[in-house]
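There are 2 protein chains.
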Amino acid sequence: MTTMPGFAGETLGRFVAESRWEDIDTALRHQAKRALLNFIGTAIGGARHPSVDRVAAVLAPFSGPASLTLFGRGERLDAMAAAVVNCIAGNHLDYDDTHLKTVIHPTATVAPPVLALAEERGLPGAAALHAFILGVEVACRLGNAVSPGHYARGNHITATCGVFGAAAACGKLLGLSAAEIWSALGIAASQSSGVVENLAGEAKNVGVGNAARNGILAALLAQRGYSAEPAAIDGKLGWARARGDEFRAEEITGGLGERWELASISYKPYPCGIVFHAVIDACLDLRRRMELAPDAIAAITVRGDQLLLDRGNRAVRTERDARISIHHSAAVALLRGRAGVREFEAAAVADPATAALRRKVRAELDAAIPAGGAAVTVETSDGRREAVRVDHARGSAERPLSDRDLEAKFRDNAALAGALARADAQIAALWAIEEAPSLGPLLRAFGADAG
Amino acid sequence: MTTMPGFAGETLGRFVAESRWEDIDTALRHQAKRALLNFIGTAIGGARHPSVDRVAAVLAPFSGPASLTLFGRGERLDAMAAAVVNCIAGNHLDYDDTHLKTVIHPTATVAPPVLALAEERGLPGAAALHAFILGVEVACRLGNAVSPGHYARGNHITATCGVFGAAAACGKLLGLSAAEIWSALGIAASQSSGVVENLAGEAKNVGVGNAARNGILAALLAQRGYSAEPAAIDGKLGWARARGDEFRAEEITGGLGERWELASISYKPYPCGIVFHAVIDACLDLRRRMELAPDAIAAITVRGDQLLLDRGNRAVRTERDARISIHHSAAVALLRGRAGVREFEAAAVADPATAALRRKVRAELDAAIPAGGAAVTVETSDGRREAVRVDHARGSAERPLSDRDLEAKFRDNAALAGALARADAQIAALWAIEEAPSLGPLLRAFGADAG
Chain A
1 MTTMPGFAGE TLGRFVAESR WEDIDTALRH QAKRALLNFI GTAIGGARHP
51 SVDRVAAVLA PFSGPASLTL FGRGERLDAM AAAVVNCIAG NHLDYDDTHL
101 KTVIHPTATV APPVLALAEE RGLPGAAALH AFILGVEVAC RLGNAVSPGH
151 YARGNHITAT CGVFGAAAAC GKLLGLSAAE IWSALGIAAS QSSGVVENLA
201 GEAKNVGVGN AARNGILAAL LAQRGYSAEP AAIDGKLGWA RARGDEFRAE
251 EITGGLGERW ELASISYKPY PCGIVFHAVI DACLDLRRRM ELAPDAIAAI
301 TVRGDQLLLD RGNRAVRTER DARISIHHSA AVALLRGRAG VREFEAAAVA
351 DPATAALRRK VRAELDAAIP AGGAAVTVET SDGRREAVRV DHARGSAERP
401 LSDRDLEAKF RDNAALAGAL ARADAQIAAL WAIEEAPSLG PLLRAFGADA
451 G
Chain B
1 MTTMPGFAGE TLGRFVAESR WEDIDTALRH QAKRALLNFI GTAIGGARHP
51 SVDRVAAVLA PFSGPASLTL FGRGERLDAM AAAVVNCIAG NHLDYDDTHL
101 KTVIHPTATV APPVLALAEE RGLPGAAALH AFILGVEVAC RLGNAVSPGH
151 YARGNHITAT CGVFGAAAAC GKLLGLSAAE IWSALGIAAS QSSGVVENLA
201 GEAKNVGVGN AARNGILAAL LAQRGYSAEP AAIDGKLGWA RARGDEFRAE
251 EITGGLGERW ELASISYKPY PCGIVFHAVI DACLDLRRRM ELAPDAIAAI
301 TVRGDQLLLD RGNRAVRTER DARISIHHSA AVALLRGRAG VREFEAAAVA
351 DPATAALRRK VRAELDAAIP AGGAAVTVET SDGRREAVRV DHARGSAERP
401 LSDRDLEAKF RDNAALAGAL ARADAQIAAL WAIEEAPSLG PLLRAFGADA
451 G
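Quick mapping for you: the protein sequence lines, in order, are chains A and B. Taking the working numbering, the leading residue of the first sequence gets 1, the next gets one more, and so forth. Taking the working numbering, the leading residue of the second sequence gets 1, the next gets one more, and so forth.
Because the hints were derived from the structure by calculation, they are not lab data. Yeah, the Cβ is synthetic: ideal placement off N, Cα and C, and Gly gets one too. Don't take every hint at face value.
Stated by the list, open to error - Pair by pair, the computed Cβ-Cβ distance ranges are:
1) Val103/B with Thr318/A: 37 to 47 Å
2) Thr318/A with Leu307/B: 49 to 59 Å
3) Ala263/B with Asp310/A: 47 to 57 Å
4) Gly225/B with Arg384/A: 30 to 40 Å
5) Ala60/A with Ala353/B: 52 to 62 Å
6) Val103/B with Gly225/A: 54 to 64 Å
7) Val103/B with Leu28/A: 39 to 49 Å
8) Gly6/B with Leu307/A: 50 to 60 Å
9) Val103/B with Thr26/A: 29 to 39 Å
10) Gln306/A with Arg314/B: 53 to 63 Å
11) Ala425/B with Asp53/A: 22 to 32 Å
12) Gly6/B with Arg320/A: 20 to 30 Å
13) Gly6/B with Asp53/A: 27 to 37 Å
14) Thr318/A with Arg224/B: 28 to 38 Å
Working from the sequences, and respecting the hints, build out all of it.
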């Protein structure tokens, strides 16, 4: 398509309204299915966390009669409340996907409202996939247009940009016109919120969850003719500048409809900070190679760039510390041969054998190792010594997770939820989502109460 | 009380939790009743506007079973949805109150969630008044701390600060501890939204309405132990700086508990921009004094400062134009002898006699007239000529509306809603709200379906 002059909301509204499913190629459709497989699995794995329980309990009395699926949970709520709970379940551990250029977790705010609306209305899988792809595009392009200043100043970009993606996607799913989606995006501008300062606490969830919900609200209001101002996003007193940022319009228009942001999102193999993934890869490799018994390990040296050391060289007291610790990441990988959700939970943090191994880890700066890489050397008490260097971790742009990797991650998450028996059928249903005539029956199989 | 060192949320949380009703003096309690009388009347008058209808229709399917009052409307919704609808009904015409120092409309976001929660739980009127007073204090002090940069950059301060006031007030009403209210304020930081660019459109309502709703959400989550970061408001990556602004902590601590922001809010006698109020006052005075027949008027000259001319010297095509027009304000006051809601509606804008009179108005700069003032000269076709200068308009800090004025405004609004017969009883109930043992029965009398 050609790019339009005028306002950002106008350009994006027209792009979303005019996009046709037949213009979305097979590879991009497949990326969308991968994103849903990854996100829904992560949500199932995270669904019973107390932070999710509390939000669900608070919202239940404020939910209408519609009875929609909460991934991995037994109760059902209306579309707005389901969007909040599913969003938080999949995002609260930061184990979901990442648009590396902006650090947006795009699926968290876009998929839950789209799937809830599609389930409520019995819409086809292809319509939901299409809306989802467009919503991710809108969120990430707006993120590109205000990065890096917007996030660096304290705006939690997953939430602040996510609400636009959710609004665009819901608008597309409801069949809104270009002008109506433009209005929905303008309404989203008045709902954009979230601060980085809160990232360490549960309050983060509220900003992200509201972004998912408020996309539905924006689209439903726009459908009824609710108006917004043309320059709500990029005007003199609009969204971008209210956050103190410049807005680079070329990030909206450049290659719109040709280059897709969804194609570059990455998936985490481990539920910890991305910079620790290379450390874990190296340790898993050494464990296999050296056939290590834990008490045979005398010393572990992890080398990496300044960012790795800045982020990860720390005392470990809590789950959150563990997810951003070089020492804990290396210790669990060497000790347990895996680094899944359980390996970063409180029990693993407190485990004496893990703590003992953490104490044997030393972190060292090595400027020769590229960002995102790490080198690990293990010495055993009987004098063996081996080293592995990983420049590109699993899940990075250079080594994306395969479909099989994503299926294995889904099964891990299902096992955490005690629902492994249903995982293969759920995985098959998601790979076939494009052919589903209605998402109602398909999605109902993802609640904890489904047969 | 003494002020606390530490974080803004900590200081405000402790202040709100420790405040005792017996420490609130009679004058301040009376101010709170005036604010509620003004706001609820405005909400009744604005309740049937299509912008309110649409929001209520969109939210109805997403409302839980609780059945709470919508001022001036027939249907009932749960507390969160009622807070949104009542907030928008009272605020969408900007006829509600104003904290002049920040331009926050404080009652719109604070009163609706407090009243809805109090109605839902059958709480006493005094508890709701107390929570309301504290919520207004929190919203306006945070506004003071980030003004004028926050608003000047495009953050719609009524919404962005209102959510903190709503959270604090709901937290107080629920009896939360200081630490819990601190958390509620931190959660509010992740929900603060609203852009000035949208002020001319309906999208404005969504930002303001969400602020009211999300105060309830913040307080209920905090009650269940949901955490936020200590510096969510004033930290390096917290709310104030994410909006690009400095935060003046002394605006939070200075005279806290001694000087009250509620004492300085003002009420509008006319539903148009405050700078036009002096024009209307002068025209109403001239009409009485000269016993003017409309077709006897040959020329009208309005003189004022640069702000008045910048804002109001414009062509009038829409209701919104009319509410910020020197010409329309003068014309309706001279022609109809009043300037209420009807005088700024579409029918009045299109009325030929009003349009003819608008054309006779000339606006002139007069630097000698103080901000907020105006001088009007009327010349008649038979050669009479009189001038009136108003330095302080009705409703300004120097000439606050009396209790009787507020009652008359309430009746005007009730008449617009076709509910004048119930107005006197409603006014009496609001003046007696402090003694009400439960707000359930009291508030139910404010719906359109009540007897």
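Which numbered hints turn out to be false for this structure?
-> 4, 6, 8, 9, 11, 14
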